[in-house]
Amino acid sequence: METNYILPGIVFIILAYIIYSYNRLVSLRNMADTAYSNIDTLLQKRFDLVPNLVNTVKGYMAHEKDVLETITRARTEWLNASTMKENAGADQKAEKALKTLFAVSENYPDLKANQNFMMLQEELSGIERKIAYARQRYNRTVMALNTVIQRFPTNIMARIFNFTSREYFTVESTEARSAPQINMQDGENK
Amino acid sequence: MMDPIYGRISANKRKTFFLFFLYALLFGFIGYFIGIYLGDPVVGIILAGVIFIILFLISYFSGQEVVTKMAGAREVRKKDEPYLYNTVEALSIAAGRPMPRVFIIETEVPNAFAAGRNPDNAVIAVTRGLLNRLDRQELEGVIAHEMAHINNYDVLLATVAIVLAGTIVFVSVIARRMMLFGGMGRGGGRRGGQGQLIMILILLIVAILAPIFAQLLKFAISRQREYLADATAANFTGYPEGLASALEKITNQQVKDSPIENKALEGLYIVNPSLGARSGNRAGVLFATHPPAVERIKRLRAM
Numbered sequence: 003m004e005t006n007y008i009l010p011g012i013v014f015i016i017l018a019y020i021i022y023s024y025n026r027l028v029s030l031r032n033m034a035d036t037a038y039s040n041i042d043t044l045l046q047k048r049f050d051l052v053p054n055l056v057n058t059v060k061g062y063m064a065h066e067k068d069v070l071e072t073i074t075r076a077r078t079e080w081l082n083a084s085t086m087k088e089n090a091g092a093d094q095k096a097e098k099a100l101k102t103l104f105a106v107s108e109n110y111p112d113l114k115a116n117q118n119f120m121m122l123q124e125e126l127s128g129i130e131r132k133i134a135y136a137r138q139r140y141n142r143t144v145m146a147l148n149t150v151i152q153r154f155p156t157n158i159m160a161r162i163f164n165f166t167s168r169e170y171f172t173v174e175s176t177e178a179r180s181a182p183q184i185n186m187q188d189g190e191n192k
Numbered sequence: 110m111m112d113p114i115y116g117r118i119s120a121n122k123r124k125t126f127f128l129f130f131l132y133a134l135l136f137g138f139i140g141y142f143i144g145i146y147l148g149d150p151v152v153g154i155i156l157a158g159v160i161f162i163i164l165f166l167i168s169y170f171s172g173q174e175v176v177t178k179m180a181g182a183r184e185v186r187k188k189d190e191p192y193l194y195n196t197v198e199a200l201s202i203a204a205g206r207p208m209p210r211v212f213i214i215e216t217e218v219p220n221a222f223a224a225g226r227n228p229d230n231a232v233i234a235v236t237r238g239l240l241n242r243l244d245r246q247e248l249e250g251v252i253a254h255e256m257a258h259i260n261n262y263d264v265l266l267a268t269v270a271i272v273l274a275g276t277i278v279f280v281s282v283i284a285r286r287m288m289l290f291g292g293m294g295r296g297g298g299r300r301g302g303q304g305q306l307i308m309i310l311i312l313l314i315v316a317i318l319a320p321i322f323a324q325l326l327k328f329a330i331s332r333q334r335e336y337l338a339d340a341t342a343a344n345f346t347g348y349p350e351g352l353a354s355a356l357e358k359i360t361n362q363q364v365k366d367s368p369i370e371n372k373a374l375e376g377l378y379i380v381n382p383s384l385g386a387r388s389g390n391r392a393g394v395l396f397a398t399h400p401p402a403v404e405r406i407k408r409l410r411a412m
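Going line by line, the protein sequences match chains U and C. Using the working numbering, the first residue of the first sequence is number 3, and each one after it goes up by one. Using the working numbering, the first residue of the second sequence is number 110, and each one after it goes up by one.
Do not rely on the hints blindly, as some may be mistaken.
Said to hold, decoys possible - Calculated lysine-lysine pairs in the BS3-like style (CA-CA distance at most 30 Å, straight line):
id, chain 1, residue 1, chain 2, residue 2
1, U, Lys101, C, Lys124
2, C, Lys372, C, Lys407
3, C, Lys187, U, Lys95
4, U, Lys60, U, Lys47
5, U, Lys47, C, Lys124
6, U, Lys60, C, Lys407
7, C, Lys188, U, Lys95
8, U, Lys47, C, Lys188
9, C, Lys124, C, Lys188
10, U, Lys60, C, Lys188
The set of hints was computed from the structure by calculation and includes no laboratory data.
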């Protein structure tokens with residue numbers, strides 16, 4: 003009599019476990035996807051502001067044409083990027099050039115007093131912080147996903163349902179990690 | 110392998126339910142006694158029940174409106190305060206939660222709080238003094254702390270507790286006024302006398318229950334939740350020093366009888382505004398809603 007319940011019981015527990023871990027993997031993957039698209043949305047927002055910024059700054063900073071060109075070029079590169087690597091490369095270029103631009107703007111009191119410039123500067127540095135937090139959030143979701151995918155016994159489920167580990171977002175060059183070097187004679191921006 | 114945040118969230122939901130239950134009992138009790146005076150205890154209980162349900166619904170669904178009104182906070186949009194708005198948005202991204210509504214309190218005393226029933230219906234309010242005194246990383250630390258309260262559902266329990274307790278205090282004030290007014294207006298009269306009796310009874314009950322309500326508020330705002338929110342905030346920003354330095358700056362800036370000082374709301378703020386400049390040391394520890402700031406700063410710096 004009792005034995006009649008043991009086998010269905012075990013089958014039920016296993017099934018419940020499979021459903022549970024599958025759903026967990028799906029929600030973690032979706033979280034990582036959302037976190038990734040958040041970064042992309044923010045980058046899009048930043049590059050959308052670039053033409054406006056260039057127009058505002060152009061009249062004031064005749065000597066700093068290089069910086070503006072670098073930013074515009076980075077935007078074009080980003081818009082045309084087809085791989086993730088190109089995408090990240092253009093993004094880093096723009097980040098660096100923007101930092102240089104804002105540092106250089108300290109030498110132009112007229113520009114610094116420009117209402118539009120002040121607004122753009124706040125908006126862009128706000129976006130910069132948001133991008134940093136969005137990347138951190140992405141790494142955290144990826145870590146949660148990878149942990150579940152790699153740990154026993156969920157790794158078996160992950161293999162069966164074809165969930166793969168993701169790569170973390172890392173700052174590629176050491177340059178991007180450290181504070182920007184401001185050097186007016188620097189030929190790097192050409 | 111229990112997720113500490115998840116445990117915190119369910120504990121907060123459980124406690125809110127418990128609070129609901131306790132208040133329901135208290136209202137039923139009061140309703141019963143009023144009912145006896147009206148001639149039928151059942152009528153009293155039903156009346157109290159209806160009032161309680163309305164109160165609870167208000168505290169649950171628009172608790173954040175009540176709290177921001179009480180604090181004298183004004184909602185701001187992105188174009189009014191881009192710096193504050195952007196910082197809140199950045200931390201909502203870090204927490205992976207929706208963007209809360211942003212409020213400003215126009216006072217020089219630096220402080221901040223969060224309220225709401227869940228992350229989808231939350232508000233963060235900061236004072237003008239906070240914005241003026243902190244740099245970007247310190248402000249991020251403070252906003253991260255408030256975001257942590259929202260993330261952990263601390264706001265649900267605190268908002269419901271404050272609105273319910275606040276209503277009791279409000280009702281007792283009204284009752285006292287009505288009694289004074291009624292007493293002076295018509296000297297005698299059978300009906301007036303009976304009404305006065307009920308009022309005296311309610312007042313008595315409220316007077317007896319007031320310390321209990323105060324205790325309930327304390328229960329809602331435990332010191333542990335502040336440590337946890339600090340830790341979660343450090344996790345959000347990845348930079349505990351920001352919040353530590355902000356706490357250092359704002360604790361000693363609290364002044365006695367400031368516009369944000371409000372008994373009902375004191376537990377909600379990041380730093381208790383009622384203790385004045387003392388809030389930094391251990392003098393107020395015994396009855397404090399918050400752990401001493403020095404201890405919080407020490408823990409943050411040890412992270």
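Comparing the hints with the structure gives:
Among the hinted pairs, Lys101 of chain U with Lys124 of chain C is inconsistent with the structure: their alpha-carbon atoms are about 48 Å apart, more than 30 Å. Of the supplied pair hints, the one linking Lys372 of chain C and Lys407 of chain C holds, its CA atoms being roughly 27 Å apart against a limit of 30 Å. Restraint check for Lys187 of chain C and Lys95 of chain U: the C-alpha separation of about 28 Å stays at or below 30 Å, so the hint holds. Of the supplied pair hints, the one linking Lys60 of chain U and Lys47 of chain U holds, its CA atoms being roughly 21 Å apart against a limit of 30 Å.
A distance of roughly 42 Å separates the Cα atoms of Lys47 of chain U and Lys124 of chain C; the hinted pair therefore is violated under the 30 Å criterion. As the CA atoms of Lys60 of chain U and Lys407 of chain C are separated by approximately 49 Å, the hinted pair breaks the 30 Å bound. Distance restraint check for Lys188 of chain C and Lys95 of chain U: the Cα-Cα separation of roughly 29 Å lies within the 30 Å cut-off, and the hinted pair is therefore satisfied. About 16 Å separates the Cα atoms of Lys47 of chain U and Lys188 of chain C, which keeps this hinted pair within 30 Å; it holds.
Under the criterion of a C-alpha separation no larger than 30 Å, the hint pairing Lys124 of chain C with Lys188 of chain C is inconsistent with the structure, at around 38 Å. In summary, the hint linking Lys60 of chain U to Lys188 of chain C is supported, as the alpha carbons are separated by about 24 Å, within the 30 Å threshold.
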